[in-house]
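**Q** Spelled out, the chains give:
There are 4 protein chains.
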Amino acid sequence: MIDVGVLGATGAVGQRFVQLLEDHPWFNLQTLTASERSAGKPYGRVVNWRLDAPYPDNVSDIVVTPTTVESLKDCDLVFSALPPEVATSLETEIADAGIAVCSNARSHRMDSDVPLVIPEVNPDHLGLIDVQRDRGRDGFIVTNPNCSTIVFVLALAPLRAFEFHDAHVATMQAISGAGFAGIPAMEIYDNVVPYIGSEEEKMETETLKIMGKFDGSEVKPAPFRVSASCHRVPVIDGHTMAVWVDVKEPVAEVKKAYATFKPPFSNLPLQPAKTIELFDQPDRPQPRLDRNRGRGMTVSVGRVRDGLRFVALGHNTIRGAAGASVLNAELIHSRNYL
Amino acid sequence: MIDVGVLGATGAVGQRFVQLLEDHPWFNLQTLTASERSAGKPYGRVVNWRLDAPYPDNVSDIVVTPTTVESLKDCDLVFSALPPEVATSLETEIADAGIAVCSNARSHRMDSDVPLVIPEVNPDHLGLIDVQRDRGRDGFIVTNPNCSTIVFVLALAPLRAFEFHDAHVATMQAISGAGFAGIPAMEIYDNVVPYIGSEEEKMETETLKIMGKFDGSEVKPAPFRVSASCHRVPVIDGHTMAVWVDVKEPVAEVKKAYATFKPPFSNLPLQPAKTIELFDQPDRPQPRLDRNRGRGMTVSVGRVRDGLRFVALGHNTIRGAAGASVLNAELIHSRNYL
Amino acid sequence: MIDVGVLGATGAVGQRFVQLLEDHPWFNLQTLTASERSAGKPYGRVVNWRLDAPYPDNVSDIVVTPTTVESLKDCDLVFSALPPEVATSLETEIADAGIAVCSNARSHRMDSDVPLVIPEVNPDHLGLIDVQRDRGRDGFIVTNPNCSTIVFVLALAPLRAFEFHDAHVATMQAISGAGFAGIPAMEIYDNVVPYIGSEEEKMETETLKIMGKFDGSEVKPAPFRVSASCHRVPVIDGHTMAVWVDVKEPVAEVKKAYATFKPPFSNLPLQPAKTIELFDQPDRPQPRLDRNRGRGMTVSVGRVRDGLRFVALGHNTIRGAAGASVLNAELIHSRNYL
Amino acid sequence: MIDVGVLGATGAVGQRFVQLLEDHPWFNLQTLTASERSAGKPYGRVVNWRLDAPYPDNVSDIVVTPTTVESLKDCDLVFSALPPEVATSLETEIADAGIAVCSNARSHRMDSDVPLVIPEVNPDHLGLIDVQRDRGRDGFIVTNPNCSTIVFVLALAPLRAFEFHDAHVATMQAISGAGFAGIPAMEIYDNVVPYIGSEEEKMETETLKIMGKFDGSEVKPAPFRVSASCHRVPVIDGHTMAVWVDVKEPVAEVKKAYATFKPPFSNLPLQPAKTIELFDQPDRPQPRLDRNRGRGMTVSVGRVRDGLRFVALGHNTIRGAAGASVLNAELIHSRNYL
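Just so you know, the sequences run in chain order A, B, C and D.
Read in order, the letters of the first sequence correspond to residues 1 to 338 in this note's numbering.
Read in order, the letters of the second sequence correspond to residues 1001 to 1338 in this note's numbering.
Read in order, the letters of the third sequence correspond to residues 2001 to 2338 in this note's numbering.
Read in order, the letters of the fourth sequence correspond to residues 3001 to 3338 in this note's numbering.
Treat the hints with caution; some may be incorrect.
The list that follows gives simulated cross-link-like pairs (lysine to any residue, SDA-like), each with its CA atoms no further than 25 Å apart [unchecked claim]:
hint, chain 1, residue 1, chain 2, residue 2
1, D, K3255, D, D3280
2, B, K1274, B, R1309
3, D, K3213, D, D3134
4, A, K248, B, E1022
5, D, K3274, B, Y1055
6, C, K2041, C, S2060
7, C, K2274, A, A53
8, C, K2255, D, S3227
9, D, K3274, D, S3198
10, C, K2274, A, R37
11, A, K274, C, Y2055
12, D, K3255, C, E2201
13, D, K3262, D, G3212
14, B, K1213, B, V1247
15, B, K1041, D, D3280
16, C, K2274, C, W2026
17, B, K1274, D, K3248
18, A, K220, B, L1208
19, C, K2274, A, G44
20, D, K3274, D, D3134
21, C, K2248, C, P2221
22, A, K41, A, E201
23, D, K3255, D, R3160
24, D, K3248, C, S2198
25, A, K274, A, H333
26, D, K3274, B, S1060
27, C, K2248, D, E3204
28, B, K1248, A, E201
29, B, K1262, D, R3225
30, B, K1073, B, E1022
31, A, K248, B, R1309
32, C, K2248, D, Y3195
33, C, K2041, C, V2086
34, D, K3256, C, Y2195
35, A, K255, B, G1307
Derived contacts from chain D toward chain C, CB cut-off under 8 Å, selection only [stated by the list, open to error]:
hint, residue
36, A3170
37, V3193
38, Y3195
39, S3227
40, S3229
Hints in this document: simulated from the structure, not taken from any laboratory.
It should be emphasised that the depicted structure is a prediction, and the values quoted were computed from it without experimental measurement.
Quick reminder that beta carbons are idealized off the backbone N, C-alpha and C, glycines included.
Can you build the whole structure from these sequences, using the hints too?
**A** Laid out in structure tokens, this is it:
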């Protein structure tokens, strides 16, 4: 068993980490960090559990520690749900101190020697861990993409067999993506907010790094262009997106690529039975009905039609955040990087 | 004063017609039709008023008549909020009987001699009224486009000065677009439904007719392509849409085109002070805050940025339905077609 | 194993029955009935699965039969999710034909020889089964109360130790209580509907029968009064209610009664670990966070304060409908009535 | 014309004040205060207008001043939308400085010489202004009740003709009552929160003061008891409440009292045509359909039935806050207290 911790364990993504790590077959959750105010108290007393998943009683008695390197001395690996302003320097310190960091923060995603990984898409990018080690670092940092990028790239992955040069994507994103208190009810109820700060830039740049080529020392960004338009809608969980890609293959070929898509591994505990669920019904996928497929780790694709157009959907705080980091950690462990 | 009637006056669009025609300076509302079940009773007793606008007391005592040609003998012009399966033959009969029909139904929109008009965009298409008359019809039919098409085309209109060949549009449409009982709460609450039957086809074909050239006898469709992806979101009123057009002009030029757009008339009672409201704030337009601009007749445009991308918004049952028909009728009257 | 069927298996409550009976340790689900239109086709093809719980694949191939007595010949017991207009005569026929009926329909709830049962409250009322048999019936009917009555009565049950004469209850009920298509989105979004047809009457009469005394031949209604005010709110699942009871005991005693409440059995598969979850936090229970406790079978109580006032909450389609019937069936089987 | 100002003009209630004072026939809005951060800038630049009512352009150029006594030297009367922690001392200072204060803050509502007034209910309590003046104060403070209290008391007022000793009320309150950013979307979407801090206490104590007797020097609280249970529901504007009062008169008499209720004045600009709208339809009032009656100043009552039970509804930020204060100011002015 690998001893693990969660940095920022009381927030929206932190709670998802705790939920996913309860009873994990490989990872032993033993450290939970939060702000100074909560440190020293049992997790069960300081957490304001807001998930509809039941609260995991077995972590109630873990005493929360402050979010510092010192708190992590018993951890082999930590999951970071930190805000970027804290993550930037602290994750560096932790990695330098010899601990593996799987981070959901955006701080290091675009660093040249940090892998930005979706296991089913670019597992070979983990090779950048060696680049980090070659420059003398004892631990390492591995990041997962932004929530909407993950859903988008997983929906693009089966199309890599085909040539394409350009993609348009309009997202309809859930409110949980902004954290528990991120969006006032008065702002989003009976409303659409057609703007999410720097989200479009993340989708446009992260996608190219993930789908880029790793040559053993660095990643060359993929040579196509993404144009994103990001919107918040009154949905609790689940990012839906309308996608256009200039693929010339017939729709039937594209559907076949989706239906037959398989990841290059089958032994990771959190990987879903189907990475991609392909729908033929005209009105699917829908966030309320489909976000929890594969325990929130399956990306759903539907309405594949000429254009080439389709609709993709994924759970933003599971597949798009905490689950992404945990799956990365499972991949890392299965490839003996720990 | 022109004597007018509303066909299908008790439904969602019918009620908007009644609201807009109350105290209209040119039109005298005197006939309201509904199903057999309601005929013979006062409107105030049969209507289940569901608008948040206050109920117009002055129509309460109008006795509802059945939806037949005979019921309309005192009308010079009628507004049709009929479902297409009724509208197809009945609107033809009414026009043949010498009455002007301004229809929100889709039945005759694509008929070659029926104008599909947005006053600010293609008022000259009213010339098709003469084509109808030339073949011996006493009255005529004029239609307005589908709700999402109207918002989309008004947002495209100022760009006609520039060359463009292709447009992508992803809509986030309000539930009122499906009528009062059209969408069960269980279907749309905490959800997005990524499909609206034949909506994409309407946006793709109607747009080209409206923006096409009328040569005195027929309309040549505009020579570009539209690719639409239509979605229902949990918003009561107001269709929001993310649009891409391959315009090469710089963003500043495009914004200028929006800011200076003016319709070719200024005397229509329902026309808003501004046809288009251009926003510079990054997070606008939003349906809850902006749908009622210009009493629901203004289309809002924002987030104009490279790509060329922007967000457009309009009130779907006012500018996108009843208000569209009333504005058409005002245009028709101002050009002496009655 | 007892062979069971579900009458009306494609609706909102019917789907909950199917979900709860998948892999049930005592009941073998083998018959699913629906309307003539669906009969003869596999369940997986005709059901429009609308639960957020994953669809149970093992029932996909069951061929749906028409809702008739003949369809049930292989069943020892059937669960009825029928509308009352069908249930009234059909459930009688089925019981007369020798089959046990556990019904969620309201048709027979107030029949003098039909038990209206909540296992934790009045299991002895099952004695009415013998009354049915004594008059020559081969099978029998057992009913569960209306969804809001169940939550209300479970919250009252621990107070039976105290004297009380009067109860007031204001409900805030979920939209799923009206079925998948029961409430148009335009009716409930951003709204409260302060009326649910005959719901108040059900709460006021059913409560007294359930809490009444069974003397071996009939049930004497409990001697207190209930005054209900029922409202629909924009919540998907979970009925919340504000309750006043004129109990004189101090709040601390009342809380103790809730905290120590135990049902008179502990071996029923669907019974939750805690029948009642008592909250001390000031802002609980809440439907989104608490409706799924005990797999939807736990009733949550909070804000117990002078007055005596408290708030109660339960899942309306699980504890309040399908789960109620299944738990009744488990009680019936455990007491050897089958 | 009376020169007036608004304290705290950029918040949710402050914006409603600005909306209601635009073009007021008696009051000339000339001072708008806000936090230091906004002071010195035009209102149009600092306000983030969040009402669905259109923004009043004529106040855009008013330069915002800091919230201090000095800023108010040109005002005869000010409206306070301040948070209580600021209001407590500042409102005292302003009144002492000779300015009339109409406050929506809770700070001074229960002060023995401060009138807590609803014009239609207890206009004679304005006599407390003389008590304030008798102790040497140049200006005075008049307060309006909490939003839910106002709706509740207006619905009780017509029943004063009858004897009653006890009232129960369960509220279903709108999210705007907590201010624009008061409630995170994740907290209230698909949810009910059965707790609003100190709201129940306000309803229980303020009601008795308002309905109490003023004997020329002080107010004796009314001799009945109120027991409240307050809940937040996913509604934007409009507080709905289920009320029980132990009135013995028949329902028909009670309805007559509602239907014939008239305020003791008819000349106040903001008073609605009907103080109370009585509904006979079984499913009304509803917040989305009825909150804007009488420009948000009418309280709607329906479902009057044995018990005695009924449902009441009012707009919480108009009748329940800013409109309440403006109507108080109109009453004050009409009775020559300025």
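**Q** All hints, please: hold or fail.
**A** So, going through the hints one by one against the coordinates:
{"no.": "1", "hint": "K3255/D - D3280/D", "in the structure": "holds, 9 Å"}
{"no.": "2", "hint": "K1274/B - R1309/B", "in the structure": "holds, 21 Å"}
{"no.": "3", "hint": "K3213/D - D3134/D", "in the structure": "holds, 20 Å"}
{"no.": "4", "hint": "K248/A - E1022/B", "in the structure": "violated, 53 Å"}
{"no.": "5", "hint": "K3274/D - Y1055/B", "in the structure": "holds, 15 Å"}
{"no.": "6", "hint": "K2041/C - S2060/C", "in the structure": "holds, 10 Å"}
{"no.": "7", "hint": "K2274/C - A53/A", "in the structure": "holds, 17 Å"}
{"no.": "8", "hint": "K2255/C - S3227/D", "in the structure": "holds, 19 Å"}
{"no.": "9", "hint": "K3274/D - S3198/D", "in the structure": "violated, 31 Å"}
{"no.": "10", "hint": "K2274/C - R37/A", "in the structure": "violated, 33 Å"}
{"no.": "11", "hint": "K274/A - Y2055/C", "in the structure": "holds, 15 Å"}
{"no.": "12", "hint": "K3255/D - E2201/C", "in the structure": "holds, 22 Å"}
{"no.": "13", "hint": "K3262/D - G3212/D", "in the structure": "holds, 19 Å"}
{"no.": "14", "hint": "K1213/B - V1247/B", "in the structure": "holds, 20 Å"}
{"no.": "15", "hint": "K1041/B - D3280/D", "in the structure": "holds, 19 Å"}
{"no.": "16", "hint": "K2274/C - W2026/C", "in the structure": "holds, 21 Å"}
{"no.": "17", "hint": "K1274/B - K3248/D", "in the structure": "violated, 58 Å"}
{"no.": "18", "hint": "K220/A - L1208/B", "in the structure": "violated, 42 Å"}
{"no.": "19", "hint": "K2274/C - G44/A", "in the structure": "holds, 19 Å"}
{"no.": "20", "hint": "K3274/D - D3134/D", "in the structure": "violated, 36 Å"}
{"no.": "21", "hint": "K2248/C - P2221/C", "in the structure": "holds, 22 Å"}
{"no.": "22", "hint": "K41/A - E201/A", "in the structure": "violated, 39 Å"}
{"no.": "23", "hint": "K3255/D - R3160/D", "in the structure": "holds, 13 Å"}
{"no.": "24", "hint": "K3248/D - S2198/C", "in the structure": "holds, 24 Å"}
{"no.": "25", "hint": "K274/A - H333/A", "in the structure": "holds, 21 Å"}
{"no.": "26", "hint": "K3274/D - S1060/B", "in the structure": "holds, 19 Å"}
{"no.": "27", "hint": "K2248/C - E3204/D", "in the structure": "holds, 20 Å"}
{"no.": "28", "hint": "K1248/B - E201/A", "in the structure": "holds, 21 Å"}
{"no.": "29", "hint": "K1262/B - R3225/D", "in the structure": "violated, 63 Å"}
{"no.": "30", "hint": "K1073/B - E1022/B", "in the structure": "holds, 21 Å"}
{"no.": "31", "hint": "K248/A - R1309/B", "in the structure": "holds, 24 Å"}
{"no.": "32", "hint": "K2248/C - Y3195/D", "in the structure": "holds, 23 Å"}
{"no.": "33", "hint": "K2041/C - V2086/C", "in the structure": "holds, 22 Å"}
{"no.": "34", "hint": "K3256/D - Y2195/C", "in the structure": "holds, 22 Å"}
{"no.": "35", "hint": "K255/A - G1307/B", "in the structure": "violated, 28 Å"}
{"no.": "36", "hint": "A3170", "in the structure": "holds, 3 Å"}
{"no.": "37", "hint": "V3193", "in the structure": "holds, 6 Å"}
{"no.": "38", "hint": "Y3195", "in the structure": "holds, 4 Å"}
{"no.": "39", "hint": "S3227", "in the structure": "holds, 5 Å"}
{"no.": "40", "hint": "S3229", "in the structure": "holds, 4 Å"}
Checked against the numbered hints above, the structure breaks hints 4, 9, 10, 17, 18, 20, 22, 29 and 35 and satisfies the rest.
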